[in-house]
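Undergrad: Residues per chain are reported as follows:
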Amino acid sequence: MKPLSVVVTSVFDIFAWFMIVFGVYVINNGHNTPGGGFQGGAIVATFMSFVLVAYGGKKFMTWAREGAYGALELIGLMAFFAFGCLGFPNAFFYNSLAIPHGGTPLSEWLPYCGTISLMNVAVGAEVVGALSLVVYYMYGSIRMVDTGAGMGGERGHDRFDR
Amino acid sequence: MTDSIAENALDFVGNAPYVVVALLVLMSLYAMLTQKNLIKICIAISILGASVNMFLVLMGYRHGGGIPIHYLKGAQESMVLPTPQCLTLTAIVIALATTALMLSLVIMVNKHYGTLDIDEIRRLRG
Amino acid sequence: MNVRDHLPAFLVMVPLLGSFLSPVAVSFGKTVRNVFFVAFAALTLLAGAAICVATFGGNILVYVMGGESFALTMPSGMSYPVRILFEIDAFGAVFIFCVSAAAFAGALFSVNYMERFSGWKRFMPLYFLLTAGALGMCATGDMFNFFVFAELASIASFGLTAFWRDKPEAVEAGFKYMFVSQIAAMLLLIATGALYGKYNAVNMGFLASVMESGTMERVVLALIISVTAFRCGAFPMHTHMTDACAEAPCGVTCLLVTVSQASFYGLVRVCYSIFPNLAGGGTVGWLLIVMGSMSMIFGVMMAVIQHDIKRLMGYHSVSQAGYLLTAMGVGLLALGRGGGMEGYGLASIKGGLFHAMNYSFCNGLLFLCAGSLYYATGTRGLDKMGGLARNMPWTAAMFVVAAAGISGLPPFNGFVSKWMIFGSGFAVHPILPALGMVTSVLALASFVKVFQAAFLGPPRAKLIAAREAPYGMLAGMGLLAVLILLLTLFPGWFMGNVFDNAAEALLRPQDYIRAAMGGR
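Protein sequence lines, in the order shown, are assigned to chains A, B and C. Residues in the first sequence are numbered consecutively from 187, following my numbering. Residues in the second sequence are numbered consecutively from 3, following my numbering. Residues in the third sequence are numbered consecutively from 999, following my numbering.
Don't read these hints as lab results, they were simulated from the structure. Just so you know, nobody snuck in bad clues.
With a cut-off of at most 27 Å between alpha-carbon atoms, the simulated DSS-like pairs for lysine-lysine come out as follows:
hint	chain 1	residue 1	chain 2	residue 2
1	B	K42	A	K188
2	C	K1174	B	K113
3	A	K244	C	K1119
4	B	K113	A	K188
5	C	K1382	C	K1460
6	B	K42	C	K1174
7	C	K1028	C	K1119
8	A	K188	A	K245
9	A	K245	B	K113
10	A	K188	A	K244
11	B	K113	B	K42
12	B	K38	B	K113
13	C	K1447	C	K1460
14	C	K1174	B	K38
15	B	K113	C	K1119
16	B	K113	A	K244
Computed list of chain A residues with no C-beta within reach of chain B, every gap over 10 Å:
hint	residue
17	M187
18	S191
19	V192
20	D199
21	V237
22	A254
23	L260
24	F267
25	L272
26	F274
27	N276
28	S282
29	L296
30	P297
Remember, predicted model here, so these are calculated numbers, not experimental data. Glycine is no exception: its CB is placed at the ideal position from the N, C-alpha and C atoms.
This is chain A alone, in the form it adopts within the complex:
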């Protein structure tokens, strides 16, 4: 993919960051407004596809880090799993951190809805990582087709047959 004109890249430089801020807002307020981890994460992850469209494939491949997104995905998934396990004496996914009506919070940092908003953050991180990886891999395979680059040391099916 070729980079687009300087107009697009300039607009991208100025405005793309607001997309991330908006996505994080949607993630963080998932428990009391429409939105949540997946929706916000999808908004944040559009950033990567925007980079790909605006700056072109070469810059995209140098800027994107596969390991970073994988780590983000792993952290999100494990955090989600851990928050699910917090409810364990009662049941898996039981919201044990929720503050009941008139109760006193364990700590002022804990959100009132308990694990719901924490899980939203975890899912948000997971979705950002996973969707960015989707863009990364799909573009990678297109490039493989276009340039005839090999599978990068991949050892696939062994062709005894043919």
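With chain A's structure known, arrange chains B and C on it following the hints.
TA: Only chains B and C this time, still in chain A's reference frame:
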């Protein structure tokens, strides 16, 4: 007389979303059966998914109901049901995953066969 | 915290945790990777076996995800169950055990089988996701989660079918499977939405308690039956099954067989527990019988003419799925007719359940044997093999066990289950035992052909150096072979402790409903 006409018209408008769902389903089935291009088939599957999601949301609609969030809407007489909306969200997430996987497979098919025409992609037989 | 109460949660948690953590485990090197893979598969088998034991004697395990208590299905005076509900009775436990055992055997097998290939970072998570999806399908208590778990399993199986992406056939099979499977999934979702629109619930137990028999219910039943029959590979909709079985890696194919069993579970659950009035009317019974007989005959006839060993096994899967459908159809018909026929119906259902277990273990073992042959010779074509019994004695022995078991030679387990199915099928129509007999003979013929072509005869010059499969692969095959021999030697114990309970649980939807509505 005019009342009944108005009521009929209202009924029709009330059922319009169902008509749209049916049309979308038929459109996507038609496209799946007639189109030869893999990308167009993927689009047809996405349209089918969208129409099913619309159907689910419609199932939870209550006439005159508000959004099911007490914090934003305050006290209200009736609200639309939140459950089908959750189901729809789940279905959308799954649809996104399948769409991504499907397009990746299309890329691989194109790489191997050099075409997107479904008639030329026939190595598996019998 | 009592571990026994939380077993249904562990059942899905363990493979999901395995799938999340496996990219990390892969990056720590080969030994850690292999130990991790086998350990999590073993834990899954442990959870599955524990659940199977916990349901002995007709217990029904209920688990509420996110509930104040694990068994509180209707909190604060609700009149129907809310939240994500798992409900496992003796009938579901049979399928859960099949899936978890096949997953463990497939994992042991894959450790050596997949050694030569890269892409473990993708293979292991998908494998565990497939396991989790199939187990969830058998454990879940509501229609929507059945859809979710079915989609989880099918997305993982598309990925695994097209795993060798440098192979055009694999990618093509993956795409075809995906295309038809997506349409099926959307039809299932439409059916779920229609049920929700009328009854305001998706919980299976609650739906069963309020189900009427109107036009809408008929349409929904037709949709669900066609979707689940499609997924378990019944005759007119079988092509995805044979393609996927032929192209997926062999350890995965062993699991794919049990995933089709999981959708068979959904079909039976819907017919017997949720729509007992509509499905007992006769039409559904005959539909299942016709579909099943067609799959039996067509599958085995196509299997006889195949030259590709894995595709041959794939057609046998279609044929065996036909037996299960026929058994359940005979059960519906006989029970619906009444008048002294109930005994035949019960025997048919028990035979069907027994055959379901035989089918998953025997066909799983056959696929693993095919994988072992492929590993040693590098070809799937039967024409290019020959004389391998000297080099691969263990594989040959296990192939004989599996083939005798599934084609129903008298001392083996398949004989018992087929006898029960067709002994009672005679009560419905005398042509059914005849069809079954023909299918069994043809199946035996095709296995004799495979055995003769692959293991007997003079050794091929090219295959002189063929070696017996490594220990990991033999261990996976041996596990399934031991299970088959246990089923052969102690059919009475299994019948009394497992299948009797399962058939009883299936025929008492009121217990299923009561468990879902909060009664223990």
